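> Protein sequence lines correspond, in order, to chains A and B.
The first sequence runs 1 to 375 under the working numbering.
The second sequence runs 1001 to 1508 under the working numbering.
Don't read these hints as lab results, they were simulated from the structure.
Some hints could be false.
To be verified - Within a straight-line C-alpha distance of at most 20 Å, the following computed DMTMM-like cross-link-like pairs (lysine to aspartate or glutamate) qualify:
no., chain 1, residue 1, chain 2, residue 2
1, B, 1075, A, 338
2, B, 1491, B, 1425
3, B, 1508, B, 1182
4, B, 1482, B, 1159
5, A, 226, A, 86
6, A, 294, B, 1040
7, B, 1075, A, 359
8, B, 1075, B, 1032
9, A, 46, A, 86
10, A, 345, B, 1035
11, B, 1075, A, 308
12, A, 251, B, 1438
13, A, 294, A, 86
14, B, 1477, B, 1462
15, A, 272, A, 308
16, A, 292, B, 1118
17, B, 1477, B, 1495
18, B, 1146, B, 1172
19, B, 1467, B, 1118
20, A, 251, B, 1032
21, A, 66, A, 241
22, A, 347, B, 1330
23, A, 251, B, 1150
24, B, 1508, B, 1150
25, B, 1183, B, 1119
26, B, 1482, B, 1425
27, A, 292, B, 1037
28, A, 182, A, 241
29, B, 1146, B, 1130
30, A, 294, B, 1035
31, A, 345, A, 60
32, B, 1357, A, 322
33, B, 1075, A, 67
34, A, 345, B, 1037
35, A, 294, B, 1037
36, A, 345, B, 1074
37, B, 1075, A, 319
38, A, 272, A, 221
39, A, 272, B, 1172
40, A, 251, B, 1055
Please read these numbers as outputs of a predicted model, since none were measured by experiment.
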Amino acid sequence: MSLAFDETAAGGAQTHALVIGVGGYRHLLGGSEERQQIFRHAGLLKQLTSPPRSAVAIAEWLVRRKDDLAQPLGSIDLLVSAPPSDDEFTTNGLTARLPTIANIFEAYDSWRNRCDSEVDNIAIFYFCGHGLEKVDQHLLAEDFGATPNNPWTGSFAFNATRVGFFNCRARMQCFFSDACRKITSAMLNSTPTVIPLEINDFNGVECDHSLSIQAAAGGEEALGPKSGVSYFAQALIRAFEGGAARNSAGKWVVDTGEVASRITDIIRMVNKSEGFAQRCDARVTASTRLLKVKQAPNVPIAISCIPDAANAVASLSFEPLDLPGDPRKQEGAPWELEVPAGFYKAKARFSNGGFNNREDTVIAFPPSQIVQLQC
Amino acid sequence: MSGFTLGRSGAEVRFILDAYGNRAGEMPINVEVFDQELQDVYGEWRLLSEDRRIEVEPGVYGVRISTAAGPVYEKPVRVGGDGGTVTVPIHEISPHEDHEWAYFSQPIDPPSGDLLSDEVNEGLWLRRWERVIRDGEAVEWQVMPKALPDEWTVSRNEDGVTYSMGGARRGERITLLQVGGEKVPWKFVALPPTQDAMVLVRPTAAPHGFGHPVDVVVSSDDWWMETLLSLLQRGDLSQASRMDDAGHFAEQMLYGKVSNPSRAAVGGYYLLRVRDFGRLHDWANNLANWNDWMPDGAIIHAWQLLEQARSARGSQAKSTFAPACDRLLEALRRGVPLYTEGLRLLRDGLTMFANRKEDTERQARAQRALAMVNAYAAAADWSAKVTTFTGARPDEPTAASVTGIPDPYDSCSFVFDVPPRFLLDRGILNPGMRLVSEIEGIPATATVQDDGLIRLEETAVEPERGKSFRSLGALQKALTGKSFQAWDAWKVAGDNQSIGERVQAYLK
Chain A
1 MSLAFDETAA GGAQTHALVI GVGGYRHLLG GSEERQQIFR HAGLLKQLTS PPRSAVAIAE
61 WLVRRKDDLA QPLGSIDLLV SAPPSDDEFT TNGLTARLPT IANIFEAYDS WRNRCDSEVD
121 NIAIFYFCGH GLEKVDQHLL AEDFGATPNN PWTGSFAFNA TRVGFFNCRA RMQCFFSDAC
181 RKITSAMLNS TPTVIPLEIN DFNGVECDHS LSIQAAAGGE EALGPKSGVS YFAQALIRAF
241 EGGAARNSAG KWVVDTGEVA SRITDIIRMV NKSEGFAQRC DARVTASTRL LKVKQAPNVP
301 IAISCIPDAA NAVASLSFEP LDLPGDPRKQ EGAPWELEVP AGFYKAKARF SNGGFNNRED
361 TVIAFPPSQI VQLQC
Chain B
1001 MSGFTLGRSG AEVRFILDAY GNRAGEMPIN VEVFDQELQD VYGEWRLLSE DRRIEVEPGV
1061 YGVRISTAAG PVYEKPVRVG GDGGTVTVPI HEISPHEDHE WAYFSQPIDP PSGDLLSDEV
1121 NEGLWLRRWE RVIRDGEAVE WQVMPKALPD EWTVSRNEDG VTYSMGGARR GERITLLQVG
1181 GEKVPWKFVA LPPTQDAMVL VRPTAAPHGF GHPVDVVVSS DDWWMETLLS LLQRGDLSQA
1241 SRMDDAGHFA EQMLYGKVSN PSRAAVGGYY LLRVRDFGRL HDWANNLANW NDWMPDGAII
1301 HAWQLLEQAR SARGSQAKST FAPACDRLLE ALRRGVPLYT EGLRLLRDGL TMFANRKEDT
1361 ERQARAQRAL AMVNAYAAAA DWSAKVTTFT GARPDEPTAA SVTGIPDPYD SCSFVFDVPP
1421 RFLLDRGILN PGMRLVSEIE GIPATATVQD DGLIRLEETA VEPERGKSFR SLGALQKALT
1481 GKSFQAWDAW KVAGDNQSIG ERVQAYLK
């Protein structure tokens, strides 16, 4: 078995990640071995271009920040599949396997054993792909639908797996499910088999520090741009990069509790152009440090004027409050920019009158700030 | 108006917190002060009505004021020099004074702009169910004969209806409020068993087709407890821990299990979540034993036992598993937990015992219990603080959509408007009946049609004449721009009684 990242030989407490992105579903519509499905809605599920890219983005981010994690990165096992028609997808050189259900089970067992090797290890699990929910969230593997009479054999249950992983000794465990949680009318009349990747038989009860986030609220969808990184994956990376950071005794850090409490705000900032306000379902137990941020994080700022008519003719500036630094300027609003966290002054000027000049002070606080100048 | 002062005498800034009314003063708020590196200088949860002096040296600071819903104010401020006053318009978080408690006490979306008078909400009704206890055993669910007890007060607005449950404590039993409509899926919401609780029923902010179309926001008047529960539900443990050494606060909540068991349950859930098992003492056991009507105490004690089993070894561990399983099974026998956190812990605990082969008898019982809990899990709204699920009966949760008006209707109350078709069925209105407007400045007449629609006959508002409307509210809106209190503005021709007086029985 080849890992996408392997520094397990260094030993000691490490972070071990299992990252799965299922976009190519070989037995579903448009797949390489399409099969007639009996479960009424299985046949309507399409190939996806976002999940493999989302998984690669998460894996690449972990490698980039491998030394900033609370425990250094030890391993990444990456499983991805892309639709047959998706010629542009690439793992960017990362070693990856197909996320068949057998491979997922095998990868889970290996990853779990690595996590179990030290109590101070950090376990990170990420899945992106199709999901359906009744009682539990069923996450679909690449070969879902191989046995049309019981397609659920190609899936596993997220919540039951999460509870099962409590058997692992690793004190900090992070589980992320980036998949839909809708229920279909066919599922109302039957109950899909709940298949966890691990059964909890009381070798362990809840770990010391647990972070579990589902990208969608119950009954809702997790979304992403075509051939792009999903909104949840983008939000997660933003959270880790500083959107969930706080200044603790002079150091910027990201705690699991802050990730849980801010993730919905961050995802709405990421996909604000969508008509639907995606909501995450986050649960955290006993917040703890996840990673450190090297410097004050950048904070996205969105500046606009009220009334709307003022936007077209406003001359805007944004500068640090009481600190040296040249103001940044833009003609016309709205204006989106990123600045290091701190205190600022926003100004709107109108050379031809018609609106009132306005100045306002702003705290650029993670994850983002919206500034509306009353002109 | 209350507030706080930042700085020292001679160099200070006064913050004035401008809220709607007296109730706002009872709400906890979090005041945080940061330096220019955004490092904490000060942070405290306190009542909005309490005045404070926060001493800092002259300089520039960031001030953030938060409620259970999140930040409501964030600004830099310069302390020193001429000082000054800052007025914080906290009342802006709510569209009405009546709704302010809801926006303060939990994270809910701003109003959607949809109205209870919209067609999708036509015929929206509610009723109450209670878990009947006989000989100390919970036996069945019953619909209460009156949806709204006399001591409840109602405040109706198009964007939401508020129910205030003042009066006698409702007793030691689980009460569920059920809401539904002709196009609104029926759902249940657990009511806190405290003396003064509030409910806000309003159109949801979610786009159509996503989620349930109606929000039912529930809160007791125990604002500290509600704040802690909200922070717990949205995972903001760092804020929760700042609630005045929250461990101690939560511990005291659990200690008060005799006088306020639901508050004690929230304290217990918090201590479980932060894994502060030492502060549970034996109180979770007592909470479960002394409140045999409430599942939540049994669930909390079960998880305390599970943690003890985890920490123990060998036979001592094994001997703790059985009582933990028994507690979970007992919890389900008592009914549904008050709080969503309890439902989640019940499900997770039973999942583990359903897999435990060492005790096959308990494994079988846990598997049967898990099947029942999974039905609730499939129908639950996991984002709600209190247990919320869809279904026709409390013991028949289902994710499938059940809609309509119950028959018989007697135990129900309409939330905002009474459908004319309903009144036709009961002979309150009759086909062909002529209705006369008493809207000031807008005389009009209308006729009730066979199909329940109301046809506008005579009016000075030209474009609307001759049109048919699905309700008096819709007709009134076409004439005046508002549907509010439409029933009171119309009467049957020749009758002294307004239609509002005729339909009052169905709004109570």
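> Decide, hint by hint, whether the structure agrees.
Hint by hint, here is what the structure shows:
| no. | hint | in the structure |
| --- | --- | --- |
| 1 | B:1075 x A:338 | holds, 18 Å |
| 2 | B:1491 x B:1425 | holds, 18 Å |
| 3 | B:1508 x B:1182 | holds, 19 Å |
| 4 | B:1482 x B:1159 | holds, 12 Å |
| 5 | A:226 x A:86 | holds, 11 Å |
| 6 | A:294 x B:1040 | holds, 18 Å |
| 7 | B:1075 x A:359 | holds, 13 Å |
| 8 | B:1075 x B:1032 | holds, 11 Å |
| 9 | A:46 x A:86 | holds, 13 Å |
| 10 | A:345 x B:1035 | holds, 16 Å |
| 11 | B:1075 x A:308 | violated, 23 Å |
| 12 | A:251 x B:1438 | violated, 68 Å |
| 13 | A:294 x A:86 | violated, 37 Å |
| 14 | B:1477 x B:1462 | holds, 14 Å |
| 15 | A:272 x A:308 | holds, 18 Å |
| 16 | A:292 x B:1118 | violated, 50 Å |
| 17 | B:1477 x B:1495 | violated, 23 Å |
| 18 | B:1146 x B:1172 | holds, 18 Å |
| 19 | B:1467 x B:1118 | holds, 18 Å |
| 20 | A:251 x B:1032 | holds, 18 Å |
| 21 | A:66 x A:241 | holds, 12 Å |
| 22 | A:347 x B:1330 | violated, 63 Å |
| 23 | A:251 x B:1150 | violated, 57 Å |
| 24 | B:1508 x B:1150 | holds, 9 Å |
| 25 | B:1183 x B:1119 | holds, 9 Å |
| 26 | B:1482 x B:1425 | violated, 26 Å |
| 27 | A:292 x B:1037 | holds, 16 Å |
| 28 | A:182 x A:241 | violated, 30 Å |
| 29 | B:1146 x B:1130 | holds, 12 Å |
| 30 | A:294 x B:1035 | holds, 19 Å |
| 31 | A:345 x A:60 | violated, 36 Å |
| 32 | B:1357 x A:322 | violated, 67 Å |
| 33 | B:1075 x A:67 | violated, 34 Å |
| 34 | A:345 x B:1037 | holds, 16 Å |
| 35 | A:294 x B:1037 | holds, 14 Å |
| 36 | A:345 x B:1074 | holds, 13 Å |
| 37 | B:1075 x A:319 | holds, 15 Å |
| 38 | A:272 x A:221 | holds, 15 Å |
| 39 | A:272 x B:1172 | violated, 46 Å |
| 40 | A:251 x B:1055 | violated, 24 Å |
The structure does not agree with the numbered hints 11, 12, 13, 16, 17, 22, 23, 26, 28, 31, 32, 33, 39 and 40 stated previously, though it agrees with the rest.
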